[in-house]
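2 protein chains.
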Amino acid sequence: MERKTVQRQAIREAIEEASRPLSPQEVLDLARARVKRIGIATVYRTIKSLLAEGVLKAVDLPGEPPRYEPAGKHHHHHFRCRTCNKVYEIEGCPKDLKRMAPRGFRVEGHDLVLYGLCAGCA
Amino acid sequence: MERKTVQRQAIREAIEEASRPLSPQEVLDLARARVKRIGIATVYRTIKSLLAEGVLKAVDLPGEPPRYEPAGKHHHHHFRCRTCNKVYEIEGCPKDLKRMAPRGFRVEGHDLVLYGLCAGCA
DNA sequence: TCAATTTTGATAAGGCATTATCATTATCTT
DNA sequence: AAGATAATGATAATGCCTTATCAAAATTGA
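Chains as they are written, first to last, in the numbering used here: chain A, 34 to 155; chain B, 34 to 155.
Derived by calculation from the structure, the hints in this document are not laboratory data. Check before you lean on any hint, since a few could be wrong.
Because identical chains share one entry, a pair is satisfied inside a single copy or across any pair of copies.
[Said to hold, decoys possible] Cut-off 30 angstroms, straight-line C-alpha distance, at most; resulting in silico cross-link-like pairs (DSS-like, lysine-lysine): (1) K90 with K128; (2) K90 with K131; (3) K128 with K106; (4) K106 with K90; (5) K37 with K69; (6) K131 with K106; (7) K81 with K37; (8) K128 with K37; (9) K90 with K69; (10) K90 with K119; (11) K128 with K81; (12) K81 with K131; (13) K81 with K119; (14) K131 with K69; (15) K90 with K37; (16) K131 with K37.
Make a model of the complete structure from these sequences and hints.
So, in structure tokens, the structure goes:
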């Protein structure tokens, strides 16, 4: 992956300008709004290399295939709309989570997901 | 599914006596400790019918296939050990989660997962 | 511009978890 | 106990997501 192509450019822009984690299919749709000629294989290929470069970060939600967002964001969590299925980034983080683990357990990280209706679907 | 079989009995007991959500493979292993002759197909079949009956509840964690626990438990969350990959039930629940969502969003539920090392692996 | 080489798109193939198939075995009713 | 029928186990098939294949197209350097 060395040459500059309109497809990769469109994919990077789509992900960076979205304010939320995108599924590969969402990346494809948004990238196609910029460049008509793009296939899903190129999306997967580009995501894979951007992950390896450290430009992207995978976002896993329960029961869902991974989505992707730009790496380097501050610590945050996500909200998933039960209607449109979009995932949004949310601010803030609960405190004292480490106290929830049983004695003897070492807590190293956590994930929080809120569910409900987004502003557009409510 | 009407007849009583030793397989179904073993599967129900394995899940009910485990103090943590089990994957289908874990269910198989624990059920085999009770009854030698059990296949994975029977595990999936039984889990499916117990879910339909409302006896079981699916537990989805990010990036993981579903695990299963007895239904009817009080609200709780989970801890996943990064070494043995077992999932444990934990008590407690952060407050004020609804305030984390953006204006206009309706929060209906949430999931929290802690990661780290369990007592056995630490 | 042109040849060399990488990248792409369409789609076949792969991986993994789950489900269907079906002959055999177990359960239930009489 | 015996027949009727449901359940089981082994494994093939499915489904979904992701990756590999490869001819065609695009990019790069001369």
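Verification of the supplied hints:
With identical chains, the CA atoms of K90 and K128 are at most 30 angstroms apart both within one copy (24 angstroms) and between copies (28 angstroms). In this assembly of identical chains, the alpha carbons of K90 and K131 lie at most 30 angstroms apart whether taken from the same copy (24 angstroms) or from different copies (26 angstroms). Taking the shortest Cα distances, K128 and K106 sit within 30 angstroms of each other both inside one copy (19 angstroms) and across copies (24 angstroms). In this homomeric assembly, K106 and K90 come within 30 angstroms of each other (Cα to Cα) only inside a single copy, at 9 angstroms, whereas the closest approach across copies is 34 angstroms.
Taking the closest pair of Cα atoms, K37 and K69 come within 30 angstroms of each other only inside a single copy of the chain (17 angstroms); across copies the shortest separation is 59 angstroms, beyond that limit. For the homomeric pair K131 and K106, the shortest alpha-carbon distances inside one copy (22 angstroms) and between copies (22 angstroms) are both at most 30 angstroms. Proximity of K81 and K37 under a CA criterion of 30 angstroms is satisfied intra-copy only: 16 angstroms inside one chain copy versus 49 angstroms between copies. Neither within a single protomer nor between protomers do K128 and K37 lie at most 30 angstroms apart by alpha-carbon distance, with minima of 44 angstroms and 48 angstroms respectively.
In this homomeric assembly, K90 and K69 come within 30 angstroms of each other (Cα to Cα) only inside a single copy, at 25 angstroms, whereas the closest approach across copies is 44 angstroms. Within a single copy, K90 and K119 get their C-alpha atoms as close as 17 angstroms, and across copies as close as 24 angstroms, so both meet the 30 angstroms cut-off. With identical chains, the CA atoms of K128 and K81 are never at most 30 angstroms apart, being 34 angstroms at best within one copy and 37 angstroms at best between copies. In this assembly of identical chains, K81 and K131 lie within 30 angstroms of each other by CA distance neither inside one copy nor across copies; the values are 33 angstroms within and 34 angstroms between.
For a Cα distance limit of 30 angstroms, the shortest separation of K81 from K119 qualifies both inside one copy, at 22 angstroms, and across copies, at 28 angstroms. Taking the closest pair of Cα atoms, K131 and K69 never come within 30 angstroms of each other, the shortest separation being 48 angstroms inside a single copy and 40 angstroms across copies. For the identical chains of this complex, K90 and K37 are intra-copy neighbours only, at 21 angstroms inside a copy versus 49 angstroms across copies, given an alpha-carbon limit of 30 angstroms. For the homomeric pair K131 and K37, neither the shortest alpha-carbon distance inside one copy (45 angstroms) nor that between copies (44 angstroms) is at most 30 angstroms.
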